[in-house]
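Keeping their order, the protein sequence lines are chains U and H.
If you're matching positions, the first sequence starts at 1 in UniProt numbering and goes up one per residue.
If you're matching positions, the second sequence starts at 1 in UniProt numbering and goes up one per residue.
No lab work stands behind these hints: they were computed from the structure.
Misleading hints may appear alongside valid ones.
[What the hints assert, rightly or not] Residues on chain H that point at chain U, a partial pick, calculated with CB under 8 Å:
{"#": "1", "residue": "A53"}
{"#": "2", "residue": "D54"}
{"#": "3", "residue": "F58"}
{"#": "4", "residue": "A114"}
{"#": "5", "residue": "A122"}
{"#": "6", "residue": "S125"}
{"#": "7", "residue": "I126"}
{"#": "8", "residue": "A131"}
{"#": "9", "residue": "Q141"}
{"#": "10", "residue": "T191"}
[Claimed, not checked] Here are some chain U residues the structure puts well away from chain H; computed CB gaps all over 10 Å:
{"#": "11", "residue": "D19"}
{"#": "12", "residue": "G27"}
{"#": "13", "residue": "R76"}
{"#": "14", "residue": "G87"}
{"#": "15", "residue": "F90"}
{"#": "16", "residue": "N92"}
{"#": "17", "residue": "L95"}
{"#": "18", "residue": "F96"}
{"#": "19", "residue": "R99"}
{"#": "20", "residue": "V112"}
{"#": "21", "residue": "P141"}
{"#": "22", "residue": "R156"}
{"#": "23", "residue": "S172"}
{"#": "24", "residue": "V185"}
{"#": "25", "residue": "R238"}
Remember, predicted model here, so these are calculated numbers, not experimental data.
Quick reminder that beta carbons are idealized off the backbone N, C-alpha and C, glycines included.
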Amino acid sequence: MIQLHNIDKHFGSQHVLKDVSLQVAPGQVTALIGPSGSGKSTLLRCINLLETPSAGQITLGDASLQFGHGHAQPGRQDIHRLRLQTGMVFQNFQLFPHRTALENVMEGLLVVKKWPRAQAEARARELLQQVGMAHKADAWPGTLSGGQQQRVAIARALAQSPGLLLCDEPTSALDPELASEVVAVLRQLAANKMTMLIATHDLRLAATLADTVVFLEDGRIVDQGSSRQLFLQPQNPRTASYVSTLKEGLPEDWAVSRAKCNTNQLKVKLLHAKNL
Amino acid sequence: MPEWLKLMVESLPPLLYAGLVFTVPLTLLSFACGLSLGFVTALVRLYGPRPLADGFRFYVWLIRGTPLLVQLFLIFYGLPKAGIVFDPLPAAVIGFSLNVGAYTSEVIRAALLAVPRGQWEAAYSIGLTWAQAMRRTILPQASRVAVPPLANTFISLIKDTSLAAVLTVPEIFQAAQRIASVTYEPLILYTETALIYLAFSSVLSAGQQKLEARFGQHLHQAQETK
Chain U
1 MIQLHNIDKH FGSQHVLKDV SLQVAPGQVT ALIGPSGSGK STLLRCINLL ETPSAGQITL
61 GDASLQFGHG HAQPGRQDIH RLRLQTGMVF QNFQLFPHRT ALENVMEGLL VVKKWPRAQA
121 EARARELLQQ VGMAHKADAW PGTLSGGQQQ RVAIARALAQ SPGLLLCDEP TSALDPELAS
181 EVVAVLRQLA ANKMTMLIAT HDLRLAATLA DTVVFLEDGR IVDQGSSRQL FLQPQNPRTA
241 SYVSTLKEGL PEDWAVSRAK CNTNQLKVKL LHAKNL
Chain H
1 MPEWLKLMVE SLPPLLYAGL VFTVPLTLLS FACGLSLGFV TALVRLYGPR PLADGFRFYV
61 WLIRGTPLLV QLFLIFYGLP KAGIVFDPLP AAVIGFSLNV GAYTSEVIRA ALLAVPRGQW
121 EAAYSIGLTW AQAMRRTILP QASRVAVPPL ANTFISLIKD TSLAAVLTVP EIFQAAQRIA
181 SVTYEPLILY TETALIYLAF SSVLSAGQQK LEARFGQHLH QAQETK
């Protein structure tokens, strides 16, 4: 069970997360939606402890840490232990450019887990297979497409078998075609009961993958529920208005031009418009 | 054989000897010490506590703002007045190392900052410690950026070691002076000396290209396949 209790985060005078409490059941996929600057990324980064929460409690499996007044600053060991319970997928992939795809996936196993090389390599190859990147094991990240890089990044995040996969807008830097490769990989992970928390603007991703959707605005959880409920019958008026912008259809004249024109370029444009 | 060529050939062994026994070791030792000092300086200025960082900033300011020749004179001729006496060679190594340290610290600092923040985060996110992230993720990428300007400093240093002549270190330039003063052929001797420095620098430039290729492996291949 992943539990966040009353997480607060300040950056100087800015109050970025306000009393956020959240539970993610094992095997469940939760989508974090909300406007830019609502605190989605910060929340993920707090769970991974790339940011230290100003207050609150994080529980991941049997590791738990408390923050804020009256609690000792968490030690390096505690942070390390909690961090290894999570894997992080970044919007811009952040693969290590001086290491091949395979070496990227092996890195944590070699350095953190201190596995022997052969064992780490076998595990890394298996993960690359899982994300459909086995054929590019020896490629430099710079030679891969964005979608391929993100799939390698997912394999890297999974290498040390974390209990929770955090994805920070995993498809936002990708065009729709490449994004769909990444969505396919995430969907497969979801089918295998990987627990995931995904910050996203991608309605398709949120609607097709998530069991639960959490709507965050201005650092607060405004609404949460099943994806069906939140997208189809939003009760909260603010959720309704936000979701309607995600679902907004194409303008009338676009539908006409689509019938007339079948160039790839337009298809991509249309797909993109759907994603907004 | 013309007279000038004969003189060049005859003076080559003592000049090369001075180069290999004094100039090259002086350069290598000073660069190694200076690079280490520069690395520590860069790390402290980037990640160290404030007062310490300020101290190192003062050091960089002081060294970069004063002439190398004056620094060498201060160390070798000045400090004995304060009771600190160095032999010529150690005095030269200290002077050159301090100088190299100040300049390379800025190169290293810039190179470390050139690696995107996200690389630190990616390294942390898979559980690497600060030291592991620095060694395995940041430094290899920073090295690629740092090699050309560091090679600059190295090549400058080889030539600057000729200043050690004034500290009575018998390196190439001093050997040339000595021979020129007895043969009265400064044009020939100093031309030959210049050519020897040029040869040393050329070897280094080739080394720089090798290093760049090694640290930039991933970039070259990326360009080829794109």
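Cross-check of the supplied hints:
For H/A53, the interface hint is violated, the least distance from its beta-carbon to any beta-carbon of chain U being 22 Å, above 8 Å. Among the interface hints, the one on H/D54 is violated; its C-beta lies about 23 Å from the nearest C-beta in chain U, farther than the 8 Å criterion. The criterion of a C-beta within 8 Å of any C-beta in chain U is not met by H/F58, whose closest approach is roughly 29 Å, and the hint is violated. The beta carbon of H/A114 is not positioned within 8 Å of any beta carbon in chain U (closest approach about 12 Å), and the interface hint is therefore violated.
Interface hint status for H/A122: upheld, as the beta-carbon distance to the closest one in chain U is roughly 4 Å, under 8 Å. The beta carbon of H/S125 comes within 4 Å of a beta carbon in chain U, closer than 8 Å, and the hint placing it at the interface holds. Because the smallest distance between the Cβ of H/I126 and any Cβ of chain U comes to about 4 Å, under 8 Å, the interface hint for this residue holds. Checking H/A131 against chain U by beta carbon gives a least distance of about 11 Å; that is not within 8 Å, so the hint is violated.
The interface hint given for H/Q141 holds, since its Cβ lies 6 Å from the closest Cβ of chain U, which is under the 8 Å cut-off. Checking H/T191 against chain U: minimum C-beta separation of about 44 Å lies over 8 Å; hint violated. Separation of U/D19 from chain H is adequate, the least Cβ-Cβ distance of about 25 Å exceeding the 10 Å criterion. The Cβ of U/G27 sits about 22 Å from the closest Cβ of chain H, beyond the 10 Å cut-off, so the non-interface label holds.
Consistency note on U/R76: stated as away from chain H, yet its beta-carbon is not over 10 Å from all of that chain's, at 8 Å minimum. At the 10 Å boundary, the C-beta of U/G87 falls inside the reach of chain H, the nearest C-beta of that chain being 7 Å off. With a least beta-carbon separation of about 6 Å from chain H, U/F90 fails to lie farther than 10 Å from that chain, contradicting its non-interface assignment. Not every beta carbon of chain H lies more than 10 Å from that of U/N92, the smallest distance being close to 6 Å; the non-interface claim is violated.
Once the 10 Å rule is applied to beta carbons, U/L95 is inconsistent with being away from chain H; the minimum gap is 7 Å. The claim that U/F96 lies off the interface is violated: its Cβ sits roughly 6 Å from the closest Cβ of chain H, which falls inside the 10 Å cut-off. The claim that U/R99 lies off the interface is violated: its Cβ sits roughly 8 Å from the closest Cβ of chain H, which falls inside the 10 Å cut-off. Non-interface status of U/V112 relative to chain H is broken: a Cβ of that chain comes within 10 Å, the nearest being about 4 Å off.
Its closest Cβ contact with chain H, about 7 Å, brings U/P141 to no more than 10 Å, contrary to its assignment away from the interface. The Cβ of U/R156 does not lie farther than 10 Å from every Cβ of chain H; its closest approach is about 7 Å, which violates its non-interface assignment. The Cβ of U/S172 lies farther than 10 Å from every Cβ of chain H, with a closest approach of about 14 Å, so its non-interface assignment holds. Every CB of chain H lies more than 10 Å from the CB of U/V185, the least distance being 18 Å, so the non-interface label holds.
With a least CB separation of 31 Å from chain H, U/R238 remains clear of the 10 Å interface cut-off, as annotated.
Of the numbered hints given earlier, the model fails hints 1, 2, 3, 4, 8, 10, 13, 14, 15, 16, 17, 18, 19, 20, 21, 22; all others are met.
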